[in-house]
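Those sequence lines, one after another, are chains C and G. All residue numbers for the first sequence refer to numbering that gives the first Met the number 0, where the first residue is 0 and numbers rise by one. All residue numbers for the second sequence refer to numbering that gives the first Met the number 0, where the first residue is 0 and numbers rise by one.
Check each hint, because a few of them may be wrong.
Stated by the list, open to error - Mimicking DSBU-like on lysine-lysine, the simulated pairs with C-alpha atoms at most 35 Å apart in a straight line are:
hint	chain 1	residue 1	chain 2	residue 2
1	C	56	G	60
2	G	189	G	126
3	G	30	C	35
4	G	171	C	70
5	C	56	G	114
6	G	171	G	117
7	G	60	G	164
8	G	132	C	70
9	G	171	G	96
10	C	56	G	184
11	C	56	G	183
12	G	117	G	132
13	C	8	G	171
14	C	53	G	158
15	G	126	G	155
16	C	53	G	184
17	G	63	C	12
18	G	155	C	66
19	G	155	G	171
20	C	70	G	5
21	C	53	G	189
22	C	70	G	117
23	C	66	G	96
24	G	117	G	164
25	G	63	G	183
26	C	12	G	60
27	G	189	C	35
28	G	155	C	56
29	G	9	C	70
30	C	12	G	26
31	G	60	C	66
32	C	8	G	60
33	C	56	G	158
34	C	35	G	63
35	G	171	C	56
36	C	53	G	183
37	C	53	G	117
Unchecked claim - Here are the in silico distance ranges between beta carbons for each label pair:
hint	chain 1	residue 1	chain 2	residue 2	range
38	C	43	G	22	40 to 50 Å
39	C	12	G	87	41 to 51 Å
40	C	65	G	91	20 to 30 Å
Since the hints were made in silico from the structure, they are not lab data. Heads up, the beta-carbon is just placed ideally off N, CA and C, and yes, glycines get one too.
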Amino acid sequence: MKTQRFDPKEIRKINDEDRMWFIEYWAEYVRTHPDKEWSRQQNILINSLMQNAKNSKLTKEQYLRIKGEIK
Amino acid sequence: MEFVDKNTIKLDKEVNELDKFVFRFIKILEKHTDYVIVSGYVAILLGRDRGTDDIDIFISKSSKEKLAVLYDDLVNNGYWCLNSSELDDMYSLLISKHSIRFALEPSVSPNIEIKFSKDIYDDISLKEPLIAKVDYSELRISYIELQIAYKEEILKSNKDLEDAKHLRLVAKGHLNENLINEYKKELRKK
Numbered sequence: 000m001k002t003q004r005f006d007p008k009e010i011r012k013i014n015d016e017d018r019m020w021f022i023e024y025w026a027e028y029v030r031t032h033p034d035k036e037w038s039r040q041q042n043i044l045i046n047s048l049m050q051n052a053k054n055s056k057l058t059k060e061q062y063l064r065i066k067g068e069i070k
Numbered sequence: 000m001e002f003v004d005k006n007t008i009k010l011d012k013e014v015n016e017l018d019k020f021v022f023r024f025i026k027i028l029e030k031h032t033d034y035v036i037v038s039g040y041v042a043i044l045l046g047r048d049r050g051t052d053d054i055d056i057f058i059s060k061s062s063k064e065k066l067a068v069l070y071d072d073l074v075n076n077g078y079w080c081l082n083s084s085e086l087d088d089m090y091s092l093l094i095s096k097h098s099i100r101f102a103l104e105p106s107v108s109p110n111i112e113i114k115f116s117k118d119i120y121d122d123i124s125l126k127e128p129l130i131a132k133v134d135y136s137e138l139r140i141s142y143i144e145l146q147i148a149y150k151e152e153i154l155k156s157n158k159d160l161e162d163a164k165h166l167r168l169v170a171k172g173h174l175n176e177n178l179i180n181e182y183k184k185e186l187r188k189k
């Protein structure tokens, strides 16, 4: 059986193209729909990230280390 | 999203938890200093579908005494500084062009990342902000043209290029392309 090889550069290119397609699609949605409508969609993601952040157990030092602001 | 005039954008959006976090902080900050919100949160406020753990804000350079009054007010309202609890440390970070971060104690994220205005571009953002009217609040955000130029010319990460693309598309028909190019030209000289 032949195994298919994936070129990492090619995969990255496809990912970048997909992401850019989504940026365009979403921006067009925002531009052409009422604020209440797109924000309701956007808030599902943002509120869930905020909930995750609240549950984080990182200390100040750990957080600043991740950010590269202390060694 | 309504581009009311050159200096004002009105949003009739449903406010999310990140917006509430920002409004709450700004209510305290604006009592003490000029400010302008820049970078990721500007794109998010204008609809970009992503999160962020820090909100970047420039404030005017001020004295240590003024910073002390702001710090007291923040602490009395439940915030802590992630970098230090010593005023001297905070001030020396700011004066040396670094940032200090404030979050609601005991969490570390999201947080507000404050920097002193350090060059002419930060000053332009501070002195001539765009006013975003959201719900019953007003936020001072950086001009979209300057945000696009900075993200495309200086930052250039995937995330920043995507933010710039989003801003270009949602503000289509309201952007001054000459201004973007002018800012880019100046930023290249930095």
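Evaluated hints:
no., hint, result
1, C:56 - G:60, "holds (33 Å)"
2, G:189 - G:126, "holds (20 Å)"
3, G:30 - C:35, "holds (30 Å)"
4, G:171 - C:70, "violated (43 Å)"
5, C:56 - G:114, "holds (26 Å)"
6, G:171 - G:117, "holds (30 Å)"
7, G:60 - G:164, "holds (31 Å)"
8, G:132 - C:70, "violated (40 Å)"
9, G:171 - G:96, "holds (34 Å)"
10, C:56 - G:184, "violated (44 Å)"
11, C:56 - G:183, "violated (41 Å)"
12, G:117 - G:132, "holds (27 Å)"
13, C:8 - G:171, "holds (32 Å)"
14, C:53 - G:158, "holds (23 Å)"
15, G:126 - G:155, "holds (25 Å)"
16, C:53 - G:184, "violated (42 Å)"
17, G:63 - C:12, "violated (49 Å)"
18, G:155 - C:66, "holds (18 Å)"
19, G:155 - G:171, "holds (21 Å)"
20, C:70 - G:5, "violated (44 Å)"
21, C:53 - G:189, "violated (39 Å)"
22, C:70 - G:117, "holds (25 Å)"
23, C:66 - G:96, "holds (16 Å)"
24, G:117 - G:164, "holds (26 Å)"
25, G:63 - G:183, "holds (34 Å)"
26, C:12 - G:60, "violated (43 Å)"
27, G:189 - C:35, "violated (40 Å)"
28, G:155 - C:56, "holds (31 Å)"
29, G:9 - C:70, "violated (42 Å)"
30, C:12 - G:26, "violated (43 Å)"
31, G:60 - C:66, "holds (24 Å)"
32, C:8 - G:60, "violated (45 Å)"
33, C:56 - G:158, "holds (26 Å)"
34, C:35 - G:63, "violated (42 Å)"
35, G:171 - C:56, "violated (41 Å)"
36, C:53 - G:183, "violated (38 Å)"
37, C:53 - G:117, "holds (32 Å)"
38, C:43 - G:22: 40 to 50 Å, "violated (20 Å)"
39, C:12 - G:87: 41 to 51 Å, "holds (50 Å)"
40, C:65 - G:91: 20 to 30 Å, "holds (23 Å)"
Consistency note: the structure conflicts with the earlier hints numbered 4, 8, 10, 11, 16, 17, 20, 21, 26, 27, 29, 30, 32, 34, 35, 36, 38.
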